[in-house]
Amino acid sequence: MAAMTSSSGPSGREPGPSGRPLLNRRLAEFGTTIFAEMSALAVRTGAINLGQGFPDTDGPEAVREAAVRALRDGRGNQYPPGPGVPELRTAIAEHQLARYALSYDPDREVLVTAGATEAIAASLLALVEPGDEVIALEPYYDSYAASIALAGGTRVPVTLRPRDGRFVLDLDELRDAVTDRTRLILLNTPHNPTGTVLTRAELTEIARLAVERDLLVVTDEVYEHLVFDDAEHLPLATFPGMRERTVSIGSAGKTFSFTGWKVGWITASPELVAAVRSAKQFLTYVSSGPFQYAIAEALALPSSYFDDFRADMLAKRDLLGEGLTAAGFDVYRPAGTYFITTDITPLGTTDGFAFCRSLPERAGVVAIPNAVFYDHRDAGAPFVRFAFCKRTAVLEEAVTRLKSLAG
Numbered sequence: 001m002a003a004m005t006s007s008s009g010p011s012g013r014e015p016g017p018s019g020r021p022l023l024n025r026r027l028a029e030f031g032t033t034i035f036a037e038m039s040a041l042a043v044r045t046g047a048i049n050l051g052q053g054f055p056d057t058d059g060p061e062a063v064r065e066a067a068v069r070a071l072r073d074g075r076g077n078q079y080p081p082g083p084g085v086p087e088l089r090t091a092i093a094e095h096q097l098a099r100y101a102l103s104y105d106p107d108r109e110v111l112v113t114a115g116a117t118e119a120i121a122a123s124l125l126a127l128v129e130p131g132d133e134v135i136a137l138e139p140y141y142d143s144y145a146a147s148i149a150l151a152g153g154t155r156v157p158v159t160l161r162p163r164d165g166r167f168v169l170d171l172d173e174l175r176d177a178v179t180d181r182t183r184l185i186l187l188n189t190p191h192n193p194t195g196t197v198l199t200r201a202e203l204t205e206i207a208r209l210a211v212e213r214d215l216l217v218v219t220d221e222v223y224e225h226l227v228f229d230d231a232e233h234l235p236l237a238t239f240p241g242m243r244e245r246t247v248s249i250g251s252a253g254k255t256f257s258f259t260g261w262k263v264g265w266i267t268a269s270p271e272l273v274a275a276v277r278s279a280k281q282f283l284t285y286v287s288s289g290p291f292q293y294a295i296a297e298a299l300a301l302p303s304s305y306f307d308d309f310r311a312d313m314l315a316k317r318d319l320l321g322e323g324l325t326a327a328g329f330d331v332y333r334p335a336g337t338y339f340i341t342t343d344i345t346p347l348g349t350t351d352g353f354a355f356c357r358s359l360p361e362r363a364g365v366v367a368i369p370n371a372v373f374y375d376h377r378d379a380g381a382p383f384v385r386f387a388f389c390k391r392t393a394v395l396e397e398a399v400t401r402l403k404s405l406a407g
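Numbering of the sequence shown is given in this note's numbering, commencing with residue 1 and proceeding in unit increments.
Since the hints were derived computationally from the structure, they do not count as laboratory data. Glycine included, each C-beta is placed from N, C-alpha and C at the ideal position. Among the hints, erroneous ones may be present.
[Stated by the list, open to error] Beta-carbon label-pair distances, calculated as ranges: (1) Leu-71 <-> Arg-200: 36 to 46 Å; (2) Asp-73 <-> Ala-201: 43 to 53 Å; (3) Glu-232 <-> Asp-308: 10 to 20 Å; (4) Thr-345 <-> Pro-240: 38 to 48 Å; (5) Gly-260 <-> Thr-199: 29 to 39 Å.
All chains, full assembly: derive it from the sequences and hints.
Rendered as structure tokens:
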């Protein structure tokens with residue numbers, strides 16, 4: 001299977017002093033990530049970096065001050081409790097109840113993690129045995145493949161394919177992918193990088209399949225507050241039979257624009273939380289002490305914050321999307337996340353890697369080739385992802401630079 005990394009740089013399988021490769025064979029396909037390569041290219045060329053998905057402004061001042069207050073008050077400066085500070089676990093449970101009518105016990109059904117990436121890794125390490133198959137929607141967020149490999153599992157891609165302006169899940173293909181070796185489905189909605197938000201009908205069928213085949217589901221929902229137009233985020237755990245077999249993953253970084261704080265969480269049944277905690281305690285053990293108190297306050301912000309945040313990102317989506325269209329790209333308008341996937345075929349090429357490596361010199365902008373998120377790289381070859389979680393002035397300048405491609 002193709003590595004979900006850049007093709008440049010050392011592989012990590014070079015021999016060590018004894019002649020044996022240094023890197024564990026499970027990680028042999030994973031070298032330097034494309035994000036490191038493209039970010040370095042942005043620095044070298046002075047290009048605007050619309051590749052990596054992090055905001056270029058901080059989140060709410062009140063939340064930042066809450067972290068400062070926690071530091072000064074000595075809360076979280078030492079090891080916080082393994083499951084997370086009670087205030088944050090309670091805030092997460094209240095958020096799930098208020099938003100989705102999902103009731104979780106903050107003491108037994110909530111676990112705080114070092115961002116969503118650790119939540120994904122710990123969930124797969126805990127729940128997957130060597131040889132188990134894990135179905136994931138391709139293209140994947142890049143840590144999925146590595147986490148499945150670390151757990152000794154076999155990843156089974158089910159590809160989202162472009163149709164009628166969005167990337168669509170083929171439910172028949174998903175059903176056909178399930179075998180007697182399938183352990184779980186790793187789901188991501190709103191979906192990075194395509195921006196697809198799975199519909200109620202799609203989720204209903206996924207839930208039916210999971211119950212019928214007795215599968216666990218790990219759902220990455222970090223973009224839950226970034227859904228646009230008529231799309232609606234519907235947690236899979238709300239569907240019949242799914243509360244007891246679903247691990248739901250959330251993150252403060254994407255919702256509050258403090259990605260460096262690395263505060264994530266899972267909500268699940270007591271049995272699933274206990275299993276994931278067993279793996280998580282030997283990864284970071286604990287993390288983000290003072291920031292946990294701040295995120296507890298952030299989750300209690302009024303609905304107006306979430307509405308304004310979504311409206312701001314919607315305006316930025318439209319600004320960049322219109323600019324990309326004017327530059328000659330075919331644009332798939334995302335229903336969620338803060339990424340836009342484009343097709344570069346109208347610009348005379350289908351090689352996303354070559355296009356992205358030349359774009360900083362041609363137009364002063366950095367993007368990411370979607371092919372790195374595919375096992376089937378040919379399926380992702382003509383697609384390129386741009387992030388719009390940047391200041392409006394930065395996006396306006398990027399749009400101006402990209403106009404040079406139209407000629």
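Cross-check of the supplied hints:
1. The supplied range of 36 to 46 Å is met by Leu-71 and Arg-200, whose beta-carbon atoms lie about 43 Å from each other.
2. For Asp-73 paired with Ala-201, a C-beta distance near 49 Å keeps the hint of 43 to 53 Å intact.
3. In this structure the supplied range 10 to 20 Å holds for Glu-232 paired with Asp-308, their Cβ-Cβ distance being about 19 Å.
4. Separation of Thr-345 from Pro-240 is about 42 Å and conforms to the stated range, judged on CB atoms against 38 to 48 Å.
5. Separated by about 34 Å at the C-beta atoms, Gly-260 and Thr-199 satisfy the suggested range of 29 to 39 Å.
No hint from the list above goes unmet by this structure.
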